[in-house]
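Asks: Please put together the full structure from these sequences, using the hints given.
Protein chains in written order, with my numbering: chain U, 1 to 494; chain D, 1001 to 1355.
Just to be clear, a hint being listed does not mean it is correct.
Said to hold, decoys possible - Below are the DSS-like pairs computed for lysine-lysine, each with C-alpha atoms no more than 27 Å apart in a straight line:
no., chain 1, residue 1, chain 2, residue 2
1, U, K49, U, K161
2, U, K339, D, K1220
3, U, K9, U, K161
4, U, K386, D, K1220
5, U, K161, U, K179
6, U, K339, U, K386
Derived from the structure by calculation, the hints contain no laboratory data.
Spelled out, the chains give:
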Amino acid sequence: MAHPALHLKGIDKRFGGTHAVRGVHLTLRSGRVHALLGENGAGKSTLVKIMSGLIDPDDGTIEVGGRPMRFRGPADAQREGIRTVHQELELAPALTVTENVLMGQLPRRFGTVDFAAATRRTLGVLSELGAELDPDAIVGSLPLAEQQLVEIARGLAARPKVLFLDEPTAALTPGEADKLLERLRGLAAQGVAILYISHHLEEVLAVADDVTVLRDGAVALAAEVSETDRHGIVRAMLGTDPVDSQVRPAATPGGEETVFEVHDLHSRRSLDGVSFRVAAGEIVGFFGLAGSGHEAIADCLYGSGEYAAERATFSGNPLPASPIEARKRGIGYVPADRKRDGLALGMSVRDNILLANWGPLARAGIRRQGIETEQAARLARRHAVKAGSLDVPVSSLSGGNQQKVVLARQFTGESPKALLLSEPTRGVDIGAKAEIHRLLAEYADAGGTCLVTSSDAEEVAALCDRVYVLSRGRILTQLQAGALTASNLTAAAL
Amino acid sequence: MNPSNQTPATVNETVNGAGTAPPVEPRPDTAPKPRERDASPVRRVLPGAQDLALIGALVVLCAGFTIASPHFFTEANLINVLRSVAIIGTISAIMTLVLISGALDLSVGSIMGITGVLAAVMMSSFGLGPLTACAAALALGVVCGLLNAFCVVRLRINPIIVTIGTLALFRGIAFILTDGREIAVRDPFFDAIGFDRWLLLPVPVWVMLAVFTMAWWIAKYSVWGRTVYSVGSNPRASRLAGLPVDRARVIILAASGLAASVAGLLMLAQGGIAVPSAGTGYELQVLTAVLLGGTSLAGGEGRVARTLVGVLIIGVINNGMTLLAVPSYYQTVAGGVLLLVAVAIDQARRGAGYR
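Replies: What follows is the structure, given as structure tokens:
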């Protein structure tokens, strides 16, 4: 048998105290699609960075076509014909398809760009991909799926021997994803070795020849796809057998009063017909892997996202049209990205706790700083915000305390009727996480309603009364009571 | 208002009315203490240091010019300095709020031109009284500001681009209104504004100080001022928190137009003549003053009082150099160097810069 296109032997990498990659062997062969799987933090991205020359391994060897290599940077890997198509699109949106596909390698003639040759080459690459794109179209004007194709075409234009694709279908609709998978099979047939990273097990089973599963940095399974099955892969990822998840009809363990009721909710590119009901006093989770659509739900309910729905109500009335209306009607929102969407980072802890609530504390538009301070101190104390003083900038606080500031803000006026929380403890240390969970449980015990969207299985398992599991913008199933465990959630979402 | 009582952990205290604040005893270990002076020495001292540096620079400049020229530290000359900065000062006070809100208004110089011309045309061609003419000019200033705001809030165009456009637009209209000619204004009311003194100081200086006081009070003590800081600091978070982000932007740009029209009228009164090119380049002098005062172009940061010091520094430098008979070209160079040095020092101090 010929030498493998890329061969990793005993690759090892530590970051400080974290053993990110432990003695990994991996063999990519020309003409085959190899799937790399693993939960978040299993070491996939570190491994890809090592293979594409961004990180030096501590130990182990990399062989390209049988020759041992040492990559000193991404340029070395590219010279060996190794190309990476990243998950985040790295395109120049204002340039044409041709300019993006041939970025850095535009053909020249007499010192100027030979546009005719460039267009010919681009058309050649696109037709190999089976993509019908206008080479002169401006990339930013194309739909996301076609932009993804441009990104892949750029990888192909360099005539790679090895192509890494990191979650290439994350931005695509199911139909577009199917087409892309077909094209990947065609590419492999032309002799390219493809490494395919995805969260979607169905895709992997459909497209891959070989599969490697990482768990805690080590190889947990390496097999041909035909030798294994869905169950075996999930077991390798989780390290345990998943308990059979039970699909139950929607129960209402909360109060009788319906808070949110939504039928057939659609949101551009993220939600594709979602229906649910949330009752007063419940903590309901919406769980999915990144890109599953659960991220968009809170925005729709809060009036800050665009959506279409057959019926969508809050307390029996249509959903609020704007955040201002949402606040007035008693909906609070803790966004996923607190630095981007939650905090005025340069302002003080006090101002951030009171943000948008100075009005009710003032008289005739004039601030009453004594009352502001007293109110902010009370909220900070109740939400266990640890800060040197209310006057320090909120940016000087730890992530957990910043998150508690955003949470505290929701209670500056009357207690909200419902709280929407996206990734409520992302980037938060364990102690603060437990405190935030305790605060939310207390809020729900007192009759408040919590809607939590999260990609953290352990979090929703610990926090929620019941959880809707989403994939590709649809609700797959609902877990509650005994079946609500982190491993069941992960298994259900795959 | 009622603080939430729904959660079991509730503290059953209710805030109502002024002055009836229930005693707050934060747990010493965890809870933040309000207004603890020595809580974070670095953060508490540095702004003070910045104030000192600014005032220090002003004092050093004044001392230097006093030594260099016997004419500098005289009552008449100091009043001259104030008079010379009254016009850009009036605009700078509001421009500080504009920058804090994360916007920018480059059309103020052109608004000065167009409003001054309108007032003159109304008096000379239509025979209207000076008060009516002033009212019309002020209204036009607000309209200009609202047009800027419309482009920003409705058409979603970056304020810098919008006001580069309206800078040309308003200036062009000013020339059309007068057919490029200058219009002399002879009116006791305007003469009074331009040349009378109240309590030692010329009227334009009082106008500038009034506008500064108002802007300072708004920034510090009004709810709306907090909104402006918040919108500039993080518009996305402000919108999601339920603040009227767009309304704040409309009001701030309208106020900027109003301030520019006040400045336009002051200029008309001081010169006694309406020139369509009046105020050309003033937007940059105003920006220099605001940036000298340490206000961030990125929004969310800035102090009105520091802008006043920035305005005074510019006035003193120009005045002193004139007294020392430095040619005006060199004065222009000095202004540019001054701005670059001041902002470079400020960026280094903050550890933040252009990325």
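Asks: Each hint: holds or not?
Replies: Results of checking the hints against the structure:
1. K49(U) - K161(U): holds, 17 Å
2. K339(U) - K1220(D): holds, 25 Å
3. K9(U) - K161(U): holds, 19 Å
4. K386(U) - K1220(D): holds, 26 Å
5. K161(U) - K179(U): Holds - the C-alpha atoms of K179(U) and K161(U) are around 22 Å apart, at most 27 Å.
6. K339(U) - K386(U): holds, 18 Å
Hint compliance for this structure: every hint is met.
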